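**Student:** Could you slot chains A, U and Z with the ligands onto chain C? The hints should help.
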Amino acid sequence: MRGINKTFPGVKALTSVDFDIAKGEVVALIGENGAGKSTLMNILGGVHQPDSGTIQVNGENVSIKSVSHADALGIGFVHQELNILDNLDVGANVFLGREPRRMGLIQKQIIEDKTNPFLEMLGLDISPNTPVSKLSIGQQQLVEIAKALSKEAKIIIMDEPTSSLTISETDKLLKVISDLKNEGISIIYISHRLGEVSTCADRVVALRDGSNAGTLTKNEINHDNMVSLMVGRELERTSNESGSNIDISKGFEAKDLISSNYPNCKISFKVFSGEILGMAGLVGAGRSEIAQTIFGVDPDLGGTIYIDGNPIKRGSAKASIKAGIYLAPEDRKRTGLITEFDIIKNVSLASLKNYSNRIGLIDSESEETTASNQINKLNIKTPSADTPVINLSGGNQQKVVLGKWLSMNPKLIIFDEPTRGIDVGAKAEIYKLMRKLADNGVAILMISSDMEEVLGISDRIAVMHEGKITGILDREKFSEENIMNLAVGRSS
Amino acid sequence: MNNPKLGFVNKNRRELGMLGLLIVLVIITSWGTRESGVQAVFESKFLSSDNLKNISREIGIYGIFSIGVGIVIITAGIDLSVGSLMALLGVVFLYFVTPTETRPDSFLARIIPEIPWIAAIFLTLLIGTAVGLFQGLLVGKLKLQAFIVTLCGLLSYRGLARFSADDTSINISDSSQNLEFLRFLGEGSLADVLTNGNGSGLLHSIPMSFIYLICFAIFFGIILHKSVFGRYIFASGRNELATKYSGINTNIVIAFAYVIAGFCTAFAAIPFCIYTGSVQPATHGAFFELYAIAAAVLGGCSLRGGEGSILGILIGTAILIVLRNMVNLFGYPTPLSDAITGGVIFVGVLLDQHGASSIKKIFKKSH
Amino acid sequence: MNNPKLGFVNKNRRELGMLGLLIVLVIITSWGTRESGVQAVFESKFLSSDNLKNISREIGIYGIFSIGVGIVIITAGIDLSVGSLMALLGVVFLYFVTPTETRPDSFLARIIPEIPWIAAIFLTLLIGTAVGLFQGLLVGKLKLQAFIVTLCGLLSYRGLARFSADDTSINISDSSQNLEFLRFLGEGSLADVLTNGNGSGLLHSIPMSFIYLICFAIFFGIILHKSVFGRYIFASGRNELATKYSGINTNIVIAFAYVIAGFCTAFAAIPFCIYTGSVQPATHGAFFELYAIAAAVLGGCSLRGGEGSILGILIGTAILIVLRNMVNLFGYPTPLSDAITGGVIFVGVLLDQHGASSIKKIFKKSH
Amino acid sequence: GKNTNNGDDNSASSNKVKLAFVTNATADFWSYGKAGAEKAASEHDDIEIEFKMGDGTAAKQREICDALLVRGFKGIAISPPNPTGQQQMINDWANKASIITVDSDAPKSDRLFYLGTNNVEAGRQAGELLKEALPNGGKVMAFVGVGDQANAVERYQGLKEAVAGTNIEILDLRTDEANIGKARRNAEDTLTKYPDLAGMVGLWAYNAPACLKAVKDKGVAGKVKIIAFDEEVETLKAIDTGEIHGTVVQQPYEFGYQAIKALRSIIIDGKTPNDLEIPETKQKFIATKMIRKGEGADYLKKCQEWKKGG
Ligand SMILES: Nc1ncnc2c1ncn2[C@@H]1O[C@H](COP(=O)(O)OP(=O)(O)OP(=O)(O)O)[C@@H](O)[C@H]1O
Ligand SMILES: Nc1ncnc2c1ncn2[C@@H]1O[C@H](COP(=O)(O)OP(=O)(O)OP(=O)(O)O)[C@@H](O)[C@H]1O
Ligand SMILES: [Mg+2]
Ligand SMILES: [Mg+2]
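Chains as they are written, first to last, in the working numbering: chain C, 1 to 492; chain A, 1001 to 1367; chain U, 2001 to 2367; chain Z, 3001 to 3310.
Just chain C, with the same shape it has in the complex:
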């Protein structure tokens, strides 16, 4: 790809970007949120047309007109957003658009036979007839990867394939990538998890603000180099100092909590005021469920929660919010934000009563003031306070979610995958914010599937396995191995 330009209404997404990949090479594409990684790949994958620039495949000039054209050129694409249809079964999803057919009728048996090997390859122990709706998000993501593999493409683009995978699944995927590479298949790998990138990439291409920012060869790949390419400056590494303000007499406590997916497991734990409790586990361990149960958006099936030793009324998000328990959910766009609303309205939504007079009319001035304060305090990058949040990058969106809660009076904030899909720069800022909150006496529960993050930020780590907490690690016991053991159900 040479000199690719792309403009969206109001945004110059790509400015003469060059990109190439050789047969059997794994190239990682990195960059901050909104740097243009997905856009570049969407052009290669036939989703968008470039404004200008040339694309060559095997030395021939092509203009990729559509997704099916890209398919025909041997380009497979795992999109950043999940593109799985939950009304079809696994096999149907894998072969969607390329169904083996006779006289227009689908040959189900052939689909089954052809799907199985790919499922096996990815370690998915499911039948091709399983309805997708029965799978976990991680499994669905793997099905989507199976779909890309099944196209027997020569180039496979993976746009943040691991963002909803956990550690063991990620490891498996990385192994699959190296197998594919050995078969001569080229892979473009986009991720914000620089650890993975160092493990698998032969070469790293960085984008910054829609232009090429540089390339790293195999032996130049390390964390600091990548960061400086992406951000254009040195970033201080996330501090690892322990919380200084932990007050074990105060904070949050859950006793015998039951969540709907694991009705037979009772969960009890504490998060002290001033502490960050990390929560690790494999996908489907039930961490998000616990968060939602505490926050009151999942049904109350039993158990008690306390703030500073006082039991809290449960059963609705409203009650939890009143008690100072807030949730920054894992799916920002679906549950965290109303993406079409502007920053002001999103920040004020949960606390509108504070900005209204007795008869329920909104005082838009104080609403705006609060939003501007949060924009300043959290350093949200936005043209103005009345920009719809859909136009913000992932990191800034996450900060808006935070702004919503910080404009109130937090006692416990639950962060569910706080940095999913967020670039390093923004990550560091969010970590800093979390630590600052903790230092101000807030209890913080951080659910994360990013090992680096859990080990780096937490004061203690709770590990879950199939709905139970299998262990809580203190700082001196922190290690990847200990966490993995607990996460698969072995005691450490």
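Source of the hints: derived by calculation from the structure; they are not laboratory data.
Quick caveat, the model's predicted, so the values are computed rather than measured.
Incorrect hints may have been included.
Quick list of in silico lysine to any residue cross-link-like pairs, SDA-like style, CA-CA up to 25 Å [said to hold, decoys possible]: (1) Z:Lys-3223 with A:Leu-1350; (2) A:Lys-1053 with A:Phe-1147; (3) Z:Lys-3289 with Z:Tyr-3299; (4) U:Lys-2141 with A:Leu-1350; (5) Z:Lys-3307 with A:Ser-1173.
Selected chain U positions facing chain Z (Cβ under 10 Å, derived; list incomplete) [stated by the list, open to error]: (6) Glu-2043; (7) Lys-2045; (8) Ile-2055; (9) Thr-2168; (10) Asp-2174; (11) Gly-2247.
Note that CB positions come from ideal geometry on N, CA and C, so glycine has one too.
**Tutor:** Just chains A, U and Z with the ligands, lined up with the frame of chain C:
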């Protein structure tokens, strides 16, 4: 990009476009209904005080229930039951004000007592609101699809209305009460109400139903665009889940939108049945739901929820009524009125979606 | 969990539930229409061959266009224009087979030539399909909302039908052709067609429209559930973007669903206008869109798209027709028929959504 | 036998002959027909009747009648909404039961005979009333629900015949699909369009009251002359106040009464239409009457008696 003029245009693009359409329609109709060559445009039949009174009375009635439907649409719901509910409430209201002997033989006719008309108004409003609450709970709480719940309403309420009127029409003239003042309130003008039927002049050209509409528009305009509850309505319509995650009981917010719709429908049902003088339950208010939806959509409410404004709904209603008035005044065959309405809605929506950029461009260039 | 019996029940839960409802209705109606004490249930009036013929003829006609609407609903669209389109196509078809002199004075009446009835059938099907294509392109290509496009259709087609028939009814009896065989094809039985009107016995109880429905159901059943195109319909209905990313031209898939709906409507329009003997454009086919949507929804099509089956649509249609037949045979007042229909749809949907778990539990325990 | 409107087929009365009356659409007019039919039924022990209202479509009527025949009804009096188009289905029904048409006729069908109004004549009577009201002529608009129904066509035709050659100019016919709201709007818009309008004729029952409301609202009541059809309460009241000039009334009570009586005689007593003194034309007309100022109150009282059961 940060041109404030453009910002205003952007935000109110739909309303402005439709206002333009309305103005064009008014001009065309006024021009076309001049006495040939003799009169100036402002002396046209369309702009005669009688005609303005007639259309503003209709805009009043249609506007009130369209506001209710519009609010439901903003919560990403829909209300198909409006027309049937109007028929049912019309029957109920007229039962309340007529003596039992004059009613046809049916269960409802037997159990409904004859009461003074003021009480009848309140009870009818109450029943309409209760029906709205029922539908609201089904949609908001039990999470049944609005389309289906209100489709069942469309079928059931009309069936009930017809059954309980034994399929004959109920006439307000059967009442033994003195309903003169009620008639003023329902189809009379402001002058009628203030002077008990003797007024004239400008006030005489302002029908009460239009006054009600103004009150409704101001009240619900403030509710929707300025109040906390209104914000919740928009938020629930855009993204119910995220709204819930902000600690808002969206079930109740959504249910309440249907309560409002029920109330608005009931409120419009009373002047409308006074306007028609009787309720023929098989046809009374037929297709009103479609007109209300069309008005809301023309006025910028998106069926996907979270978008729309009271002003837009008013403009949408006005366009529909003026269109039909135009067909009549031009003396076109009546059937064309619906065909033209369909065509105008279509062109409006098409332009809005695909000609939108052009409007923006005009303002961009001028800057 | 991997109990195959349970899997079957899970997959066809809605259809099974509605089949149960249908059976219950049939039993109730049969029981209630026995000659008191004398007859066995299977000799009831409901199960008499005349009655079965009547209802299967209606199921045939309603089923055909409901299949079209159902397929549109599976693409997450909606088609509100069915009833009006039937009126318009009815007018057009009857114009084709009647001499120009007998027609009212209108533009359409002047330009439509009189042609043999076989050609008229083909042209009518063609026109219906073209209208479907037009709507399909607007929804699929231009991405206008289906609700609005077809709402405009609902208003416009009826307006056109009425206008082009000058609001008078068009009668098939005005034709100068020998339409006996057409009549057999339209409202006759299989025996009529095979023996040219002389047959009797079992074949005489099978109306042609029911046979058409069977053919449509098999054909579209295979298309929808076994073919690649059907897979794309389900995929586009659930998540258009994701389907697009699989290299499928969803615009065309969606547009084609409306083409199918147009074709089905046109196909049903012909026997229906033979069944009624004439087309009164103001009322012909009124509310058919609602019946079709109700049938599809009862039969398990979700208005959110991506769910449904031909079998379900058939069961849904049958429930609606049997319900009306029941009201008629029991001699209940006609208005109740709609109210009861509304009630049954409501209970069906409510049970489906909130009583579903109970059905599952029964099978789980038995294992 | 008292009529059994709940259709309880299984009662002991099942040996009674079942007769039905099926209307074209719902209208107040038919509540008198129903009263008449029920009166006839109450005079005999050997019949039971059902009174069914259609919805204005041939399809609905067919659905209703098919079901009646399945249930073993021996005689049906129907008012077909679309007589020409329904010939075939009327013939089919006539094969299975005795069919007579009431109120609107399908002369070419196999119905035994027709019972009802001579609508052309009724239209002429309306024309006579109009001529009385407008001796100097003027512009007149006619209003009706559905323009192509036989009674609408015939009344309109009679109306035009009666005023032919006078200074009265019939402008057009406005339709409203039997929707009263629309009827009123049509009236209002006509008054706006023709400021010099002299008269309005409502061909269906609700049309004249709708016109009256529009006229009153404009403040020209009594100046714009209104001619009505049928016996709406409002019409009759307004006739006495002079706001409506007059109305042409049919005798729907007689339709119901005579139709049921005739069906019974034919089916049970084996009479032929000839025995019942049906003219050779197979059309028996029940005369229409003109009601003018001063006669409204009396007629209203009579109507109320009919409704209460004769
Ligand atoms: N369809 C679109 N319409 C308008 N703007 C778009 C569209 N898609 C992307 N953009 C904009 O283009 C820019 C590049 O976005 P892109 O999705 O390529 O970033 P990215 O590097 O993939 O970021 P992330 O790491 O968050 O996935 C952003 O400013 C984005 O807002
Ligand atoms: N919306 C849903 N519908 C059905 N099952 C779900 C849904 N959400 C989660 N699950 C299932 O519930 C179980 C627990 O999920 P949960 O999201 O709590 O796990 P988690 O540990 O937070 O994993 P993740 O890292 O994916 O967030 C998993 O088996 C998952 O597949
Ligand atoms: Mg991206
Ligand atoms: Mg989770």
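**Student:** Does Ile-2055 of chain U pass the interface hint, meaning its C-beta sits closer than 10 Å to a C-beta of chain Z?
**Tutor:** At 9 Å from the nearest chain Z Cβ, Ile-2055 of chain U passes the 10 Å test, so the hint holds.
**Student:** Holds or violated: are the alpha carbons of Lys-3307 of chain Z and Ser-1173 of chain A at most 25 Å from each other?
**Tutor:** Holds, at about 17 Å.
**Student:** Using Cβ atoms only, decide whether Lys-2045 of chain U comes closer than 10 Å to chain Z, and label the hint accordingly.
**Tutor:** Holds, because the Cβ-Cβ distance from Lys-2045 of chain U to chain Z comes to roughly 5 Å (cut-off 10 Å).
**Student:** Could you grab the alpha-carbon distance between Lys-2141 of chain U and Leu-1350 of chain A and see if it respects the 25 Å cut-off?
**Tutor:** holds, 12 Å
**Student:** Would the hint on Glu-2043 of chain U be counted as holding, given a Cβ-Cβ threshold of 10 Å to chain Z?
**Tutor:** Not OK, violated: Glu-2043 of chain U not within 10 Å of chain Z, min 13 Å.
**Student:** Assess, step by step, whether the Cα of Lys-1053 of chain A is no farther than 25 Å from the Cα of Phe-1147 of chain A, and give holds or violated.
**Tutor:** violated, 35 Å
**Student:** Would the stated hint for Thr-2168 of chain U survive a check requiring a Cβ distance to chain Z of less than 10 Å?
**Tutor:** Result: holds, 3 Å to nearest chain Z Cβ.
**Student:** Double-check Gly-2247 of chain U for me: the hint is only fine if its C-beta lies closer than 10 Å to a C-beta in chain Z.
**Tutor:** Not OK, violated: Gly-2247 of chain U not within 10 Å of chain Z, min 46 Å.
**Student:** With a cut-off of 25 Å on the C-alpha distance, tell me whether Lys-3223 of chain Z and Leu-1350 of chain A pass.
**Tutor:** violated, 47 Å
**Student:** Under the criterion of a CB-CB separation shorter than 10 Å, is Asp-2174 of chain U in contact with chain Z as hinted?
**Tutor:** OK, holds: Asp-2174 of chain U within 10 Å of chain Z, min 8 Å.
**Student:** Is Lys-3289 of chain Z within 25 Å of Tyr-3299 of chain Z, Cα to Cα?
**Tutor:** holds, 11 Å
The structure shown violates the earlier hints numbered 1, 2, 6 and 11.
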